[in-house]
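Let chain V serve as the given structure and place chain G on it in line with the hints.
The residues making up each chain are set out below.
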Amino acid sequence: MPRGRRGRFAPFVVGTGLLALTAALLGFTLYATIIGDPRQPFLVTAGLAAAIGVPLRRFGRSGQEPSRREALMGVLLLWTLVPLVGIVPYVLGAGMSPLNALFESMSGFTATGATAIADFGAIPAALFMWRAFTQWVGGIGIVVVFVAVFPQLAIAGRQIFHAELPGPTEDRFTPRLRNTALAVLALYVGLSAACAFAYTLAGMEPYAAVAHAFTTVAAAGFSPEARSFEAYGIAVDWVAIAFMTLAAVNFALLFRAFMGSPRDLWRDPELRTYVLIVLLAGTVLSMHLRPLYGGPEAMRHGFFQTVSVLTTTGYASADFDAWPDRARATLVLLMFVGGSAGSAAGGIKVMRWLIIGAHTMREIHRALHPRAVLPLRVGPRTIPEDVLRAVAAFITLYAGLVTLSATLLIYLGEDFVTAFTAAAATVGNVGPGLGNVGPMASYANLPPLGRGLLIFNMFAGRLEIVTVFVLFTLRWWRFPRRPERRPRATAEPPEAGVGERP
Amino acid sequence: VNDRGRYGTHLIGLACLVLGASLALFALLAVALAEPWQGFLAAALAAGLIGGPLVALGRSDHEPSRREALVTVLVAWALVPLLGAVPYVLGGPLGPIDALFESASGFTTTGATVLTDFDLVARSLFLWRGLTQWIGGIGIIVLFIAAFPQLAIAGRQLFMTEAPGPEQGHLLPRLRVTALAILGVYGGLTVACAMAYAIAGMDPFDAVANALTTLSAGGFSPAARSFEDYPSLLSWVAVAFMLFAGANFALLYRAVVGRPLVLWRDPELRAYLAVLLLGALGLTALLAADHGWPEALRHGFFQAFSITTSTGYASADFAAWSPGAHGVLIVLMLIGGSAGSAAGGVKVVRWLILAKVTSREVRHTMHPRAVLPVRLGSRLVPDDVIRAVSAFITLYVALLVVTSVGLVLLGSDEVTAFSAALATLGNIGPGLAAVGPMAHYSDLHPLAKGWLTFTMIAGRLEVVTVFVVFTRNWWRRPVRHVRW
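Going down the list, the sequences are from chains V and G. Residue numbers in the first sequence follow our numbering, run continuously in steps of one, and reach 1809 at the last position. Residue numbers in the second sequence follow our numbering, run continuously in steps of one, and reach 495 at the last position.
Check before you lean on any hint, since a few could be wrong.
As the list claims (entries may be wrong) - Here are the computed distance ranges between Cβ atoms for each label pair: (1) LEU68/G to PRO1598/V: 51 to 61 Å; (2) PRO1576/V to PRO184/G: 41 to 51 Å; (3) VAL1496/V to VAL408/G: 31 to 41 Å; (4) SER389/G to SER1404/V: 49 to 59 Å; (5) ASP454/G to THR1780/V: 47 to 57 Å; (6) PRO1755/V to ASP328/G: 26 to 36 Å; (7) VAL1582/V to LEU292/G: 28 to 38 Å; (8) ARG187/G to VAL1582/V: 53 to 63 Å; (9) ALA1679/V to VAL29/G: 29 to 39 Å; (10) LEU1586/V to ASP454/G: 27 to 37 Å; (11) ASP328/G to VAL1496/V: 55 to 65 Å; (12) GLY1720/V to ILE210/G: 40 to 50 Å; (13) LEU289/G to ALA1501/V: 35 to 45 Å.
No lab work stands behind these hints, which were simulated from the structure alone. Backbone N, C-alpha and C fix where the C-beta goes; we use that ideal spot for every residue, glycine too.
Here chain V stands alone, though its shape is the one from the complex:
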């Protein structure tokens, strides 16, 4: 790469993201004008996004191979700047404090669904729609980034999640990337439209149907209703269950199923486990709820909440914080499972648990036969050791972050259950927790420092944590001057992806 061109990929990515945001905001300005809501918040934000986006985009270059550092930087900056710009509509349109607005905005773009809105009556309809739309964008954004960028970055074991994709599996960004991204996007749009249509059929009014479809398919969970799905009937709930379940399936797998090989669905070990968990946990939860609601209602709430929490959506069909302890414990467990890899769902994800499970079984076996050479298998696939290491480190960091933030929240005065579930629900991008941050409560009651911490959790959780923790390493801040100085005692081949070859 010629000198001086370095570092232009990240500005390009961020600039493009902001310009897309500008377009969307202009659309919302129009929408607000039509329905008679104040349009100024959207217009000001659009101006702001354009003012930052245009120079960045003009400075950036797309045609280059980005180095790893640049790719990481691009992703990190994108998920920082976009939520920051997204503060403005909440501040101007609903009079929220900047911190609460950032919380709401980050919760939107990370498809979390935790809300800092205390009074739902004070929010204009257009802003609710915008809030839902940020989640929709965040949902597809993360899938595209994961599919297109992260496999190359080999983060948290991501490299094997998409190995079967019609997309880039080698070191280079290829034109096929565009096809994959487009295919996933088409599927996402199609699912959203189908979901909105199904909601309407089930009896939702069109406005709510669209707003909910945005956040259902993104596995996100914002609802314009203060009481989430408690406000709707049983038919709507079952529609939501169906689409939430789909939203947390690997989109590439779904795409291939739609394109004519539905049998792939059944052959996929992750999908099978995922379906099994839904059925099992749904049944168990329904049984816990039977004394409370009686048969059909218990089943409705049991499956709704299982799917909602497992897929990290975070809708509530009832105030599950008021459920008995055993039902709440089941939900907390589900928070830690998460959806499938390659979907908009957050959490640790089923695939990673399968890998860790296989690894643990292998080690138990090794206690008896220490010298046995055993390949690590998940379904038909052999998992490379570097993926296993990355997955183990990911789960460690994940658990570490949850523990640490729960501890900090306890210091800030929250009770045990609130602190722990708030931490788990934000790192896992679920949304509501239990106790003071239950589904019918608001995060606005937490102390400011706690809210700041949870904003970071949502951000880190969405970007697979490791990506964010790279920032905390010394190496990141040591900018490479060529020839790159190599640290002692590590035989290190040249950085991959840097175009510094002769």
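Chain G alone, transformed into the frame defined by chain V:
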């Protein structure tokens, strides 16, 4: 001649005979104190009847297979608590399930109790309770230091290469040499501890009973309110000896025989001390508001040391402390003591390895093809140890979660369930809420008590050891050698 199983038989028989002998002594003691002696005698007879034939059948000069070694460990840790439970039932205050719980809690050096009324318990039974922890403590230390490195379980092969005795030799001679060396340190420290307690003002009976459970990181105390009613000076004596109890005994041995510098060079010991200090100061700071500085300092240090080393004494009812202090205690419960001590939990060295591996993976994100070795002090951590450690921690956490959920299903509240699971799996003893240090485990559902008895034993035997039994390979009979 087919010698399969002879070594295990011998070892289990030996354990039974040692147990029988101590039970017989306790029968005499009970008679002398005019307390119920039937239980001790019955248990002594049973132990003798089981142990005698086993020793006669077994052979000590035979090298065991891995399977045999594992079976031996498992059977020993099931049979001994069973025999040790008899005195609690016959002439004691407990029912069978409770007695087994108390006995397993003793031999695993946990310290969780189901005794509701300490006034109903005879002195000889209190002393017996303390002795079970002391026996369990030395048993597990010798097992960890001598046998587990050879069995390469849960990463043990790395932690213990500095143990006294022949480094790569056969299991049995190694066991003998190591056992004697460790018994020396352990016994010496116990005597010193008992004397220190007595000098600091404890009555002799309490001094002995508490010394037995201090060095084994066990935590049973003959006083119903543990260390709360003892004067402050005794708390500090206990702090000092708990510090030793949670350290690697092989390391202590080497320091005692003339190389005190090894102590400072050991990365685990340094981390262990750092955890203790940080935990103690953190607790002190949190308690200062409610208790005032001198008391906060005493309770902060006492509780941090007691929980980290998995002893489980209480100088105050910490279940009544603030949520912040509970958070610190739970983190310390998860960390645990050093490998090669009687302390339970995940252990400091495993967390060190996990942290280093995780930070390596974060660096790998930037440089995926870099070859970055993981070091512990001056030593390289091999990949198989890393894998074993990560699988161990996964199993540990999984068992913790399953147990907590199980307890919630059996009717406990969330905090009780989680802390009970953690306190038994980590061999600590008291938890929070309904199983706090001034409460007891006897109000739990009988199934819950049975399950916690299992977690105590699983936690004590490094979890993986127990889970081997649940694999299909275990039950597949080994191919016999072709005999000519």
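Right, here's what the structure says about each hint:
{"no.": "1", "hint": "LEU68/G to PRO1598/V: 51 to 61 Å", "result": "56 Å, holds"}
{"no.": "2", "hint": "PRO1576/V to PRO184/G: 41 to 51 Å", "result": "48 Å, holds"}
{"no.": "3", "hint": "VAL1496/V to VAL408/G: 31 to 41 Å", "result": "40 Å, holds"}
{"no.": "4", "hint": "SER389/G to SER1404/V: 49 to 59 Å", "result": "53 Å, holds"}
{"no.": "5", "hint": "ASP454/G to THR1780/V: 47 to 57 Å", "result": "49 Å, holds"}
{"no.": "6", "hint": "PRO1755/V to ASP328/G: 26 to 36 Å", "result": "33 Å, holds"}
{"no.": "7", "hint": "VAL1582/V to LEU292/G: 28 to 38 Å", "result": "50 Å, violated"}
{"no.": "8", "hint": "ARG187/G to VAL1582/V: 53 to 63 Å", "result": "56 Å, holds"}
{"no.": "9", "hint": "ALA1679/V to VAL29/G: 29 to 39 Å", "result": "36 Å, holds"}
{"no.": "10", "hint": "LEU1586/V to ASP454/G: 27 to 37 Å", "result": "35 Å, holds"}
{"no.": "11", "hint": "ASP328/G to VAL1496/V: 55 to 65 Å", "result": "60 Å, holds"}
{"no.": "12", "hint": "GLY1720/V to ILE210/G: 40 to 50 Å", "result": "44 Å, holds"}
{"no.": "13", "hint": "LEU289/G to ALA1501/V: 35 to 45 Å", "result": "54 Å, violated"}
In the structure shown, a violation is registered for the earlier hints numbered 7 and 13, in ascending order.
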